[in-house]
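Visitor: Below, each chain spelled out in residue letters.
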Amino acid sequence: MSTSSVSNLSTQTAMRLTIRQAQNELLKSQQEVSTGFYADIGAELGSKTSTVVDLNRESLRLNSMISNNSIATQRLSASQEALKQIATAAEEMNNALITISGSSNSDTINTTVMTVSNSLSTMISMANQSANGEFLFAGINTDVQPLADYNETSAAKAAFDTAFTAYFGFPPTDTVGTATIAASGGAPSMEDFISSTLEPMFTGADWNTNWSSATDQAMTSRITQSETVQTSASANENGFRYFALAAVVTKELMTIGAPANAVTVAINAAIDYTGRAITGINSTRSQLGLSENRIEKADASLKVQVDIIETSLSSKIEVDAYEASTRVNSLLAMVEASYTLTARIQSLSLVNYL
Amino acid sequence: MSLASALNTANSIFRNTSQQTSVISTNITNTGNENYVRRNAVVVQTVYGASMVQNERSQQMALLRQMSSSTSQQSAQSTLLDGLTTLSNALGGNDKELSPSHYLANLQSSLQSFAAAPGEYALASTVVTDAIDVVNSLNNATATVQELREDTDAQMFEQVQSLNKLLAEFKIVNDTVVRQTATGGNADDYLDRRDTLLKEISAIVGVSVNMRDNSDMVLYTYDGTTLFETDPREVSFVRTYTYDATVTGNAIYIDGTAVRAGVGGNTDGQGSLASLVQIRDVIAPTFQTQLDEIARGLIEAFQETDIGGGGELPGLFTWPGGTIPPTGTVEPGLAALIRVNPAVRSDAGGDPMLIRDGGINGPAYVKNTDGNSGFTDLINAYVDELAANRDFSADADLKTNASVLSFASNSIGWLEELRSNATTANENKQALYERTFQTYSSKTAVNLDEELSLLLDVEQSYKAAAKLVSTVDEMLKAVLDMVR
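Protein sequences appear in the order of chains A and B. According to the working numbering, the first sequence is numbered sequentially starting from 1. According to the working numbering, the second sequence is numbered sequentially starting from 1.
For the record, the hints were derived by calculation from the structure and aren't laboratory data. A couple of the hints might just be wrong.
Claimed, not checked - Computed footprint of chain B on chain A; a stretch qualifies when at least three of its residues, placed anywhere within it, have a C-beta under 8 Å from a C-beta of chain B:
| hint | stretch |
| --- | --- |
| 1 | 13 to 27 |
| 2 | 53 to 61 |
| 3 | 109 to 117 |
| 4 | 262 to 274 |
| 5 | 340 to 354 |
Said to hold, decoys possible - Chain B residues, not near chain A, derived (Cβ > 12 Å throughout):
| hint | residue |
| --- | --- |
| 6 | 6 |
| 7 | 16 |
| 8 | 47 |
| 9 | 93 |
| 10 | 211 |
| 11 | 326 |
| 12 | 453 |
| 13 | 480 |
Unchecked claim - Calculated cross-link-like contacts (lysine to aspartate or glutamate; reagent style EDC-like; alpha-carbon spacing at most 16 Å):
| hint | chain 1 | residue 1 | chain 2 | residue 2 |
| --- | --- | --- | --- | --- |
| 14 | A | 48 | B | 216 |
| 15 | A | 28 | A | 292 |
| 16 | A | 251 | A | 107 |
| 17 | B | 171 | B | 216 |
| 18 | B | 399 | B | 417 |
| 19 | A | 303 | A | 107 |
| 20 | A | 48 | B | 417 |
| 21 | B | 199 | B | 244 |
| 22 | A | 28 | B | 427 |
| 23 | B | 367 | B | 427 |
| 24 | A | 316 | B | 312 |
Source: prediction; values computed, not measured. Just so it is clear, CB atoms sit at the ideal spot from N, CA and C, and this is done for glycine as well.
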């Protein structure tokens with residue numbers, strides 16, 4: 001029976017576990033000090049790791065929402081700018097028309113018609129603005145130019161001529177016929193033609209055939225997890241329709257040689273439609289403004305959410321750097337002490353004294 | 001007492017000291033041998049008055065049992081941890097950047113970007129690329145899981161082979177021990193060998209040790225099957241070479257009883273076999289089921305509906321089956337089969353824009369009937385479907401009603417929970433093993449200093465005997481001189 005309860009093997013291996021554990025711990029702590037995160041998040045958190053993964057994903061998703069919102073914001077501000085120009089053009093058209101109301105001077109009327117033509121082409125070119133390769137006012141049909149130009153060969157012009165001829169029984173170029181057009185009263189008259197034939201061509205389905213290839217449905221963007229807003233306007237909005245109508249009335253009905261009172265009826269109708277155009281454009285602008293406002297608020301709330309998520313994420317996976325570095329120091333001291341002890345113990349042997 | 005008897009006493013001292021020296025030197029030789037149990041040479045008096053040396057072996061049966069038990073626990077735990085680490089590594093490091101969950105998050109965010117600018121071909125391609133990443137990560141994870149099962153199966157085969165070899169050797173050694181003990185011979189070296197074998201067997205399968213007459217050892221496995229009783233019991237295992245999600249491996253039979261799989265991250269299995277069975281038959285298949293369910297959830301989330309009532313068909317994600325697998329039911333191996341539909345892959349002649357428009361399965365499935373480039377309804381619907389709760393099979397061992405996204409992250413949580421438990425348990429069991437080893441070796445191993453001091457004792461008694469002989473010699477010489 002051995003008298004002592006200690007063997008060389010047990011003294012030699014006494015420090016083995018201590019040193020190994022300390023070295024493992026040291027490795028981990030060093031990594032934690034340098035990265036600021038747990039060295040092995042999975043082993044540290046266990047099933048809570050799924051929360052970390054969820055939070056990471058949520059943070060990625062919110063950040064991508066914020067950056068996607070900037071696309072919508074860009075589209076909205078480009079649309080606003082274009083609409084502003086269209087509104088200005090409508091104002092100019094309105095001013096020009098008011099100048100000639102009550103006058104039958106053909107020079108003034110011609111100047112006005114010129115101004116209105118310019119306004120119309122401004123409107124059409126603004127409505128055909130694109131940003132990031134998308135036509136702003138095309139509704140969701142963003143790869144097709146929403147409004148066609150209005151000229152002698154355009155579908156809209158042909159449609160007008162056909163409607164005119166069908167209503168009056170003679171084409172607008174027939175000056176003999178046009179001189180006989182009655183100002184108002186039952187059909188055929190200028191007033192009746194404008195309100196019952198021409199206007200429906202713009203406010204009804206013909207608009208989409210002759211003028212616009214935009215869809216009524218506008219672009220929508222999801223700006224938060226649950227909120228979707230309209231982020232573009234369609235060229236089918238009333239503002240555009242009445243703008244075109246006012247311009248067509250001016251261009252086509254004032255210089256065909258109709259009697260002065262019939263022209264006056266046309267002028268008044270054009271003024272009326274311009275007014276409606278301005279109202280329409282403004283209402284579209286305020287609608288888009290509301291969306292801009294919503295996006296701004298959504299961004300703010302998304303940023304707050306991202307902050308909250310980042311905070312709770314870091315509270316889960318971050319280590320106290322101070323604690324970790326003191327741990328490294330004490331571990332280093334411990335490992336050194338173990339080395340010294342092991343060396344001292346190993347050198348203790350009776351052999352040295354025999 | 002005559003001078004002759006004094007010489008005889010001196011003789012017996014020489015005999016004893018030489019035997020003691022031999023034992024001590026054997027002890028010293030084995031100072032660093034952890035499988036050597038110290039011998040003690042004690043001088044005893046026989047009833048007839050002779051003094052002789054007996055060898056005693058510092059046997060510590062209770063500590064040996066502890067040693068064997070802590071060895072098998074530690075071996076089981078570290079084997080399990082290795083398997084879990086392999087699975088966890090397949091998902092990437094701390095950020096799990098190779099996991100399906102990570103790639104799903106990317107897919108979700110690229111779908112969102114596509115919804116913000118649905119006319120952009122590049123964004124549609126990004127969605128397809130991200131979908132391919134998701135599919136690849138599912139495919140790769142499946143491959144890793146099945147490789148792990150193959151490797152585990154191979155390890156089981158090796159361990160069963162070495163267990164059989166150890167048992168055969170155990171039989172020889174045990175027989176010798178019994179014979180030597182019965183005939184009063186010296187069995188010490190065989191006892192050492194038997195203890196060593198016992199420790200090696202414990203690492204493979206947990207054993208409980210029973211002692212019978214003539215120090216005959218009987219081994220039972222920790223769940224009660226006889227492993228060795230006079231003869232080794234047969235340990236049999238038929239290897240399976242290739243694994244996929246539908247293959248079930250063969251059980252290991254000890255004496256006709258299948259080895260039970262360990263349970264939990266802090267496994268209750270003892271010996272590496274129990275853990276290997278646990279990895280191959282419990283953990284890896286469950287993880288595979290989770291991957292399969294993620295794949296099924298994806299096919300379901302991106303399915304296309306026919307407006308005319310032609311039924312649902314797989315959209316962005318598809319598989320060779322070409323149908324929507326029944327909801328809430330595992331389709332084994334789906335994670336290895338899932339593909340991105342070639343109809344949207346531009347490298348396969350497809351059109352990524354079908355993600356926006358629908359119609360991956362033909363014109364009847366088109367949602368964007370007017371071909372508007374600003375059409376976002378379908379993309380937004382996909383984003384919603386990814387985050388929408390759906391039913392998953394309870395076999396996956398996770399929450400059964402969850403979105404694909406959170407199901408994928410729960411799967412990571414499940415694995416990490418096991419690994420975290422296994423890591424802690426491994427540290428504890430390692431510490432227990434070291435502690436037991438420490439105690440056991442304190443009791444049974446050699447202390448060099450002690451042996452040296454004993455050697456000094458022996459040296460002294462040898463010197464004394466030598467002195468005795470020379471004195472008797474002198475005396476006899478004096479007597480003879482007197483006669484001359």
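Visitor: Would you mind marking each hint as holding or not holding in the structure?
Guide: Against the structure, the hints:
1. 13 to 27: holds (count 5)
2. 53 to 61: Since three or more residues must qualify, the claim that chain B covers the stretch 53 to 61 of chain A holds, with 6 doing so at under 8 Å.
3. 109 to 117: violated (count 0)
4. 262 to 274: n = 0 at 8 Å, threshold three: violated.
5. 340 to 354: holds (count 4)
6. 6: Per Cβ check, residue 6 (chain B) is outside 12 Å of chain A; nearest 31 Å; holds.
7. 16: holds, 18 Å
8. 47: Non-interface label on residue 47 (chain B) holds, nearest chain A Cβ at 22 Å vs cutoff 12 Å.
9. 93: violated, 9 Å
10. 211: holds, 20 Å
11. 326: At roughly 26 Å from the nearest Cβ of chain A, residue 326 (chain B) sits farther out than 12 Å, so the non-interface label holds.
12. 453: violated, 7 Å
13. 480: Fine: 40 Å to the nearest Cβ keeps residue 480 (chain B) off the interface.
14. A:48 <-> B:216: violated, 51 Å
15. A:28 <-> A:292: It is violated: about 49 Å lies between the C-alpha atoms, which goes past 16 Å.
16. A:251 <-> A:107: Holds: residue 251 (chain A) and residue 107 (chain A) sit about 14 Å apart, inside 16 Å.
17. B:171 <-> B:216: Judged against 16 Å, a Cα distance of about 10 Å means the pair holds.
18. B:399 <-> B:417: Measuring from Cα to Cα gives roughly 15 Å; hence the hint holds.
19. A:303 <-> A:107: This hinted pair is violated, its Cα atoms lying about 60 Å apart.
20. A:48 <-> B:417: Holds: residue 48 (chain A) and residue 417 (chain B) sit about 8 Å apart, inside 16 Å.
21. B:199 <-> B:244: Given pair residue 199 (chain B), residue 244 (chain B) is violated - Cα atoms ~35 Å apart, limit 16 Å.
22. A:28 <-> B:427: Roughly 14 Å separates the two Cα atoms, so the pair holds.
23. B:367 <-> B:427: violated, 58 Å
24. A:316 <-> B:312: Violated: residue 316 (chain A) and residue 312 (chain B) sit about 42 Å apart, past 16 Å.
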